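**Q** The listed protein sequences derive, respectively, from chains R and L. Per my numbering, the first sequence starts with residue 79, numbered consecutively. Per my numbering, the second sequence starts with residue -8, numbered consecutively.
Accuracy of the hints is not assured; some may be wrong.
Said to hold, decoys possible - Stretch by stretch, here's where chain R covers chain L in the computed footprint (C-beta under 8 Å, at least three residues):
hint : segment
1    : 30 to 44
2    : 100 to 111
3    : 163 to 171
4    : 224 to 235
5    : 241 to 251
Unchecked claim - Covered stretches of chain R, going by a simulated chain L footprint (3 or more residues, C-beta under 8 Å):
hint : segment
6    : 109 to 118
7    : 121 to 128
What the hints assert, rightly or not - FRET-style restraints, in silico, Cβ to Cβ:
hint : chain 1 : residue 1 : chain 2 : residue 2 : range
8    : L       : D105      : R       : G102      : 48 to 58 Å
9    : R       : T149      : L       : P208      : 29 to 39 Å
10   : L       : S292      : R       : K119      : 17 to 27 Å
11   : R       : S168      : L       : N283      : 30 to 40 Å
To be clear, the hints were calculated from the coordinates, so they are not data collected in a lab. All of these numbers come straight from a predicted model, not from anything done at the bench. We put the CB at the ideal spot given by N, CA and C, even for glycine.
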Amino acid sequence: MTWKRYQNELIALAAFVLMFIGYGYKAVQVSSQADTMASTKHSVGKIKEVIALKKIWADKKTTKNVEKLQTLIPVSKVQWSSKSKKVTASYKGLSAKELNKLVTKILNLPVEIQKLKIQKIASSYDVEFKCKW
Amino acid sequence: MNFTGNNKELILAHTSMKPVDLSYTVNVMLTPQFYTLKKEVLPLNYAYQAKRIAPSLFEGLVEEGRDHDYIVWKEGDEWVFLAYDMEMITAFLARKGFVLENVSKIFFAQQAVDLFDKPLVLGENEALVSLDDMIVVVPRGALMEEGPFLVFDNSFTPKKGVGLQDAYGSVLSMKQASTLAVIFTLFSLMFFVEGSRYSNNVQVGEAQMQELLEDYPSLQSKYTRDNIITKYKTIDTAERKKREIVKMVSDMIFKGVTLTSFDIDEKSYKVQFSCKDAQVANRVKALAKKNNLSTTAIAGSNDLKIEGAL
Chain R
79 MTWKRYQNEL IALAAFVLMF IGYGYKAVQV SSQADTMAST KHSVGKIKEV
129 IALKKIWADK KTTKNVEKLQ TLIPVSKVQW SSKSKKVTAS YKGLSAKELN
179 KLVTKILNLP VEIQKLKIQK IASSYDVEFK CKW
Chain L
-8 MNFTGNNKEL ILAHTSMKPV DLSYTVNVML TPQFYTLKKE VLPLNYAYQA
42 KRIAPSLFEG LVEEGRDHDY IVWKEGDEWV FLAYDMEMIT AFLARKGFVL
92 ENVSKIFFAQ QAVDLFDKPL VLGENEALVS LDDMIVVVPR GALMEEGPFL
142 VFDNSFTPKK GVGLQDAYGS VLSMKQASTL AVIFTLFSLM FFVEGSRYSN
192 NVQVGEAQMQ ELLEDYPSLQ SKYTRDNIIT KYKTIDTAER KKREIVKMVS
242 DMIFKGVTLT SFDIDEKSYK VQFSCKDAQV ANRVKALAKK NNLSTTAIAG
292 SNDLKIEGAL
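Construct all of the structure, not just a fragment, from the sequences and the given hints.
**A** Structure below.
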């Protein structure tokens, strides 16, 4: 029987094949892990991005914060119109200080600015502001 | 079931035997014509210790310049040492018609000494007898009486034998093959364990994502997530741009510069500055250029206009 003649070589070969299969298994797992980890990392990144974006642009406190724009300036200078999640406001005769205060506040609000118009009239400023969220 | 191969036919090989013609696997028992025996009482506990000193015990007893192998076992208080020349044995077996691949194991008559309570006839002129617990070949004429004689059969097969694999031309010896097999197997085990650990790491990553999704169940669907990202990302980019423009414009206001008008909507922006003199106007222009904004001078004045699309 020829196989008996090469019994020793066959034993070593079988063990070598087993080692090769083990190496293949490890290589597949490493590659699969890299792919899955990359995919998982990407998904986790996306989820975190969604959460962060929602936290900014779908903040439930935004309505309350926008309302503060009405009281930030003396009422006599403000014309306020609010409907659902939209605000149209008009400010007349603002001092430079009031203008800065108002603009800074607007910029820090997570709203979509549809219109922001500043016009210098003599030494004061008129502002038109329209936003939604 | 006998997995040791001891259920195979046992053939007694001796110098005067007739050639054989076998096509099946057999075991072979060798007479003292093929080995040298020595018994010693030694303070040893283990066979491997005895085997280690075996070559020194046979110095001068076996032919020098030839390779000898040794087999050792304990009989009562004595260690039995047996030296044999495998090359010589295989050459003899081949001469007698044995196909070496068909020889499973080699045994030595001394291993079955207990069974030799009567002589065993070897051909016409010789016999195998046990003298002082040692198997020896004697001339048949030296036997005191003619019979009864032992009948040689498979019951003489001892438990431990010598494999012939190394003797018929293998590139690797059994020892080398075993060593390689152990090394390769260890490596394969290592690879399997490592592979399995990588597989576990993947599960950990997936668990982390599952945890996040449990906290935000509305984000389970990738479609939903993509829609939300598309919606808010567009808003985020546009609004950041608007705020950036406002910040750039405010940075361009300094002593001598007055903001005359500013208008920004969802698509474009328009800014007008009134500058005290040409020097201030130039500085505003430089600042605008630095911010990649294009300025237009208003004819007949130092005023500047900046326009652009979002």
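**Q** Return the numbers of the hints above that this structure violates; sort them in rising order.
**A** 1, 2 and 10
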